[in-house]
Amino acid sequence: MKWIITFSVLALFWSCQNTTDSGLEDDVEVIETKDTVAEAEHTKTVKKIFYNVPSPIEVSSMLKRSGLTYNADFLNSYKKVDKYNTAEEMAINLGIYGADLSYNRLYDQIQESVNYFSAIKQLSDDLGIPQDQGGMAAERLESNLENKDSLLIIISQTYANADQYLKQNDRGSTAALVIMGGWIEALYIATQIAGLPGDNTELLNSIAEQKWSLENLIGLLNNYKNDEVVSKYLLQLIQLQEAYAKIEIQQSENVVNTNQQEGITTIDNETKINFTSENFIEIMNIVGNLRNGII
Numbered sequence: 000m001k002w003i004i005t006f007s008v009l010a011l012f013w014s015c016q017n018t019t020d021s022g023l024e025d026d027v028e029v030i031e032t033k034d035t036v037a038e039a040e041h042t043k044t045v046k047k048i049f050y051n052v053p054s055p056i057e058v059s060s061m062l063k064r065s066g067l068t069y070n071a072d073f074l075n076s077y078k079k080v081d082k083y084n085t086a087e088e089m090a091i092n093l094g095i096y097g098a099d100l101s102y103n104r105l106y107d108q109i110q111e112s113v114n115y116f117s118a119i120k121q122l123s124d125d126l127g128i129p130q131d132q133g134g135m136a137a138e139r140l141e142s143n144l145e146n147k148d149s150l151l152i153i154i155s156q157t158y159a160n161a162d163q164y165l166k167q168n169d170r171g172s173t174a175a176l177v178i179m180g181g182w183i184e185a186l187y188i189a190t191q192i193a194g195l196p197g198d199n200t201e202l203l204n205s206i207a208e209q210k211w212s213l214e215n216l217i218g219l220l221n222n223y224k225n226d227e228v229v230s231k232y233l234l235q236l237i238q239l240q241e242a243y244a245k246i247e248i249q250q251s252e253n254v255v256n257t258n259q260q261e262g263i264t265t266i267d268n269e270t271k272i273n274f275t276s277e278n279f280i281e282i283m284n285i286v287g288n289l290r291n292g293i294i
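For the sequence shown, numbering that gives the first Met the number 0 begins at 0 and goes up steadily by one.
Keep in mind the hints are simulated off the structure, nothing from the lab. Please note that a few of the clues may not be correct.
Derived BS3-like pairs: lysine-lysine, alpha-carbon spacing no greater than 30 Å straight-line [as the list claims (entries may be wrong)]:
hint, residue 1, residue 2
1, K224, K82
2, K120, K231
3, K245, K231
Label pairs and their computed distance ranges (CB to CB) [what the hints assert, rightly or not]:
hint, residue 1, residue 2, range
4, I237, G194, 21 to 29 Å
5, T270, E241, 16 to 24 Å
6, D198, N84, 39 to 47 Å
7, K224, Q260, 13 to 21 Å
Glycine included, each C-beta is placed from N, C-alpha and C at the ideal position.
Work the whole structure out from these sequences, hints included.
Printed below as a string of structure tokens:
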């Protein structure tokens with residue numbers, strides 16, 4: 000089952016990083032250095048964090064099926080952008096606003112999307128990320144506001160490029176904080192929606208499965224544990240990890256099924272999740288306190 004509320008912007012750090020530098024020819028030998036190995040490891044870890052992120056189309060379909068209506072109260076207001084003055088605050092809220100922007104666009108909130116884009120551009124500028132490197136192509140975004148899928152892809156590229164720029168300029172801890180902010184915001188929105196009346200079984204199971212994403216997020220942040228800011232958030236995420244440890248997830252072995260008529264082969268498995276209401280409330284409270292402390 001996929002993480003159905005981690006909005007497409009959270010693909011930002013893996014959806015675009017499978018591409019190579021277009022300035023290199025295929026037959027050029029790349030010499031590995033300590034820095035390139037570290038960067039590759041960083042990217043590999045981030046891919047694991049967002050491995051189950053669905054496509055924009057899947058997210059849109061899920062929201063339509065659920066009948067969930069747009070709720071701006073779930074988001075961090077773009078009007079707060081001027082209060083974020085430290086690099087820590089700007090980085091984390093850059094991630095948060097990215098998730099909020101995608102949420103707005105999925106609900107066709109055009110003006111709100113513009114407002115969140117402006118906030119993202121401001122934080123990116125304040126962090127010293129060049130517009131070309133950060134992907135803040137204002138013309139591209141503005142010309143694609145009416146095209147939901149194109150806009151979400153551009154947002155993903157924006158964050159992938161910003162992540163790459165920060166890593167290449169010895170600001171890996173800042174890049175990790177951006178990633179953390181987006182992950183926390185997506186999980187926060189998911190828990191808020193799951194707490195509403197209705198049949199939220201699918202969403203609750205997806206929240207439970209973020210147990211593995213959290214493990215990888217902590218692994219990424221551990222690379223920068225000597226950073227005072229990162230270590231502070233690590234302690235809070237470890238508390239969340241302890242709450243997740245109470246959830247039992249069992250997955251059956253893969254079964255290969257082939258439809259001879261259609262010539263289609265599928266690999267199926269069954270996941271059994273023991274996720275109690277007490278588990279959910281504990282996770283929702285920890286995530287809420289962490290996220291609200293940030294914004």
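Hints, one by one, checked against the model:
no.	hint	result
1	K224 - K82	holds, 26 Å
2	K120 - K231	holds, 27 Å
3	K245 - K231	holds, 23 Å
4	I237 - G194: 21 to 29 Å	holds, 24 Å
5	T270 - E241: 16 to 24 Å	holds, 22 Å
6	D198 - N84: 39 to 47 Å	holds, 43 Å
7	K224 - Q260: 13 to 21 Å	violated, 55 Å
Of the hints listed earlier, the one the structure fails to meet is number 7.
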